[in-house]
Structure formats: C-alpha cells, structure tokens
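Undergrad: Protein chains in written order, with numbering that gives the first Met the number 0: chain B, 0 to 347; chain H, 0 to 252.
Restraint ranges, calculated between C-beta atoms of paired labels, are given here: (1) H:Gln-82 x B:Tyr-166: 15 to 23 Å; (2) H:Arg-104 x B:Ile-323: 53 to 61 Å; (3) B:Arg-345 x H:Gln-82: 30 to 38 Å; (4) H:Asp-212 x B:Ala-249: 36 to 44 Å; (5) B:Met-33 x H:Pro-19: 57 to 65 Å.
Listed next, the stretches of chain B that the computed footprint assigns to chain H, with coverage defined by at least 3 CB atoms under 8 Å from CB atoms of chain H: (6) 228-235; (7) 240-254; (8) 286-300.
The hints are simulated quantities; they were obtained by calculation from the structure and are not laboratory data. Backbone N, C-alpha and C fix where the C-beta goes; we use that ideal spot for every residue, glycine too.
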Amino acid sequence: MIDSAPSPKSGVGQSFRCTEALPAGCMVSNRVVMVALLIGVPAVILIATVFGSVPIGLHDWRMALLGEGDPIHYEVVWTHRLPRAMAAFVTGGLLALAGVLLQTLLRNPLADPYVLGVSGGVSVGGLLAMMLGLSPFFIGLFGLLGAAAVAALVIGFAARASGWDIYRVLLAGVGIASACGAFVALILTISPAGQIQGMLFWLMGDLSASRDPGWLAAILVVLTAIAFLLRTNLDALTLGTVKARLLGVAVGQTQTLALLCATIATVAAVLEAGAIGFVGIAVPHVFRLIGWHAHRSLVPFSVVGGGILLTIADTVARTVAAPIEIPVGVATAVIGVPVLLWLIARSR
Amino acid sequence: MTLDVHQLSLAVGARILVQPTSWTIGPKECWAILGPNGAGKTMLLHALAGIDLAHAGEVRLGGVNIQTWQRRDLAQRIGLLLQDESPEYWGTVQDYVALARLPHRGRYAKDAAENDPSVTASLAALRLTDLASRRFRTLSGGERQRARIAQLLAQTPEILLLDEPLNHLDLAQEIHVMTLLAAHTAHGGSVVCTLHDPVYALRYCSHALMMYDAGRLELGPVTQVVTRSAVEQLYGCRLDWPGLDADFGPHFR
Chain B
0 MIDSAPSPKS GVGQSFRCTE ALPAGCMVSN RVVMVALLIG VPAVILIATV
50 FGSVPIGLHD WRMALLGEGD PIHYEVVWTH RLPRAMAAFV TGGLLALAGV
100 LLQTLLRNPL ADPYVLGVSG GVSVGGLLAM MLGLSPFFIG LFGLLGAAAV
150 AALVIGFAAR ASGWDIYRVL LAGVGIASAC GAFVALILTI SPAGQIQGML
200 FWLMGDLSAS RDPGWLAAIL VVLTAIAFLL RTNLDALTLG TVKARLLGVA
250 VGQTQTLALL CATIATVAAV LEAGAIGFVG IAVPHVFRLI GWHAHRSLVP
300 FSVVGGGILL TIADTVARTV AAPIEIPVGV ATAVIGVPVL LWLIARSR
Chain H
0 MTLDVHQLSL AVGARILVQP TSWTIGPKEC WAILGPNGAG KTMLLHALAG
50 IDLAHAGEVR LGGVNIQTWQ RRDLAQRIGL LLQDESPEYW GTVQDYVALA
100 RLPHRGRYAK DAAENDPSVT ASLAALRLTD LASRRFRTLS GGERQRARIA
150 QLLAQTPEIL LLDEPLNHLD LAQEIHVMTL LAAHTAHGGS VVCTLHDPVY
200 ALRYCSHALM MYDAGRLELG PVTQVVTRSA VEQLYGCRLD WPGLDADFGP
250 HFR
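Turn these sequences into a full structure, and let the hints guide you.
TA: Take a look at the structure:
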C-alpha cells in the first residue's frame, strides 16, 4: 500500500498518491482538488440561479443571464438569486475558515465557529433590539455589540502577558455561550406572543434577507489571505505551542491574528445568515480525511468547499418545498452528514 | 557553539530544584542529566532551550543571553525533544518530520519541505524510510518516538536537547539512538539528554549532571560523577550492579 515508486514531487505527474493510511482510496492530488473546486464555484452559483420558487425554464434563464428576454426573469435572476447564491457562498466560506482556524488553535477537532460564544452574543443583542421594537439596522448593530462584548469577555479571561491560554478561550467561550443561550430563552419567554415567531425565524438563521454580499466577500478575501499567510505557523501550531516556539514561530502573534480572523469571520457569517451549524466543523474535516492537513491547502480548500456546500444547501432549502423555505441548516446537514460519515467509514 | 550556563537557578514555588550553578556545555560534549522523578530535569532542559523563564541567572549561547536571541535564529541552533506530545497529527510521518525545516525556510520559499535532504537523511537515520508515507497517528509508541527524534534531527541544530529520548524504545533502538547522539557529538555538536539508566550515561556520554535533593548539582566528566556510591545516593537505593563500579566503567567505554 505504500508508494512503491516514490514521487519526485508530491502531486506532480500523478493524480493519485496511495498511502497506507487511506486503504480504501488514494489521496486526491492538489491539482485535481483545485480544478474541481475552481469549476465547482461558478457551477454551483449558476445552478443556484436556475432554481427557485418562480419557475424559469433553461432557455429563459440563459436569456435572463445575458440581460435579454423577460425583465421579470432578469430581475429574479440578477437581483434575487445571484446575490443570494453569492451570500450563501461567502457565508459558507467564512464558517469553514473559522472552523479551520479554531480547530488548529484549540487543537480540538470538535471546535466550530460557535465555541467562542460570539454567536450567542449576536443572538442576545439582536433579540434585545427586537424586543425593544427597533429597526433591522439596530438589530444588526445590537448583534454586533453583543458579539464584541462576548469577544472582549473571552479575551479578558484568556489573554495572559505570556501569551494566550487556549484552554481558557475554550472554557470561557463555552461558558459564555451557554449563558447566552439562557438569556435567549429568557427573552423568548418574556416577549409578547406576537414577536416570538419573528424572533425564532431570525434565530434559526437564513439567507433570505441577503441582498448585498459585497462587503462580506471583501471580508472573506482579506481573512483568507491572512490565514494563508499564517499557513506555516498554523502547521507548526498543530504540534502544540511549546514545539511551535521551539521551531521559531511567534506563537502569541499567530494566535492573536488567527483568533481575530476566526472571530470576525464568525460574527460576519452570523450577522449575515444566523447560526448555521455543521459547515464550520465538517468541511475542514472532509479535506483532512482526503489527505489535506497542511494549511497551504486546507485553508483555501475549506473556504471554497464551505462556500460550495452552503450554496448547494441553500438552493435545496429554498427549492424542495417551494414556496416554503426549509431552514438552510437542515439542508446542510442532510447533504453534508452522509458525505462526512462516508469519508470517516472509508478512512482508517 | 558553546552554551554557557551562568548562575542558573530553578524553583517551583518554595521548592528549589537547582541552586545557582554555572557550567559550560561545549562542542563535542554529550551531557547526561540524571535524577529521580520530579527532580526538575525537564525544567532544566526547558531553561537551556530558553522556553522557561522561571529562573534566575541566565543561559548564554555564543556569549549572548538566550532570551535576547530571535526565536527563529535560536531554532536553527538549538532543538529540544519534548518528553511528551500529543499523537494528534493528521499528516504522514514525512510531513511530520518536514515541519522541522520551518526555521530554515525563507519567507518566500516554496512551501513543501518534504523532500529536503535533511528530512530524508533523518528519516533514514531513525530507520523510518519505510514508514515515511504512513500517517503519524497510526504509529506505535516506539515508532512515534523515533519520528519525533527524526524531526529533531531534521531541524539540524548544533545543540540537541532531549528529554528522555529513550522513552518507549526497545533495547536495539535505545542503543541505536544513543549511537546517533554520540555520532552527533563526534561531528562537533553538543547533546544534553535526560536518562534513567546510568549505564547509558557511562557508555555514551562524556559528561554527567546529577540532580540531588534541595537543588544540589554534581557535574563533570561522566566517569568522575557517575560512580556507584553517587548513583546509590542519588536514587536512594542500594544497587547490585557491577557496571556501575568505578573500576568497571572503562569496559563500557
């Protein structure tokens, strides 16, 4: 099972590299994954604009894309579906990026974007604004303030002069997240019955309100670039902070930057779409399971893979029971969980 | 390069592990650190590597306080094998060993260091070539220990600090690793390792440092320091082992 003829350079000239660790299959080469992802991005975004509650035939869709034909179709494709598909893609990318960074920083495979507790802060802030009857702008603002408050609390507990105590980040985050959960329950209990459905809808998270994913995309690009620049330091951090220091890594700086990126990515994703689970925890593992653990591949692959997963899930969510939308988190799990379980089963 | 230990002292709370002591670890020297469990061997090694600040005095490398060195420059010259590490690593053995090239790579160098000659060489030195493409987490305890030592060697530091390098190894691998360390010193490098078997210290090391109660250190050439009576006093037990008799020592050398 071990390579009989060692490849001179990994991934060059060979599409597949067999390792004993993956007896059921082979490590898919960098190039194959890259091509698949690069084709996948425009493909899923385009496919997402075909489907929806307003049926548009393939011919009409093509005309609409080109800016011809029925103006209603043009309107639906260009101002509703395309921005929403882009928002889904960017949100998925942000969640997966936060997942990669936190799993590495906390050295915990179960870490996801919500372990920091910032999404709980967004929920509490947003619900408070709704309870006070404020406008959507203030709901977003209060959400942001809630996230900032939680982040400040977690940092206050975990930042030490000598560097980050990463276990305190985890414990403080989990503790504050459950406190936020309790607050959310309290607000839901004391709110008037008329407001509760709107609150629940907002809490569950969906992408239907997404109109302008531009700022979100800019954030994703910047954060991904920072994470990519940190790639070798992140690789070293998988050995633990002491070993990373011994290998010459500025551990404190790397942790601070990566935590900051993960926090911003999570807050941006939660403000855009609510707390969508599964993407952040599962997408990085999918790539690790097919052999991509080094951050030079793991970071970009996860960002794109998370984006593709959430775009497909959102398309399914708003199509299967149209005109009713099922929560995107349900679709994410239905699509993602079987893939993850299959990969776990075939790797040893 | 020479590691100068200047009036170093270590303490945990009120317990003194090392009383102020000065000594020098030079090229071509292999130092064994001996002492009972909890004597502070690990802390001492960490202090020598410059990652433990809880001490007075200083450690100087090339005449410069180790704390003022850039970590990256230091990593090119001093490597430390930790006593215990998590087996959680997703990549292959080769990927794992290649991480040691980090301090040597330029900022814009190509990322993959898997084919670096020192990676290949240290895999071969630890007899891991056949396991190179296995996943690190599937290794046995002894194989993992060898991969960790291979990682340290691939870092190519002049000064090797090793915290219990013989953990989990079988007898043949123990001897093999000690031979590798002796070869490193023979080529002009320095080695400091914690050991539990004084016979290995006598056979492979040039110097020894024994950590007694209350932070008292005995150090010097191994045949002068590691005597039967000293070892009996160090561990607080009587030994019936001819290998430790002073007049038997030369047979091991």
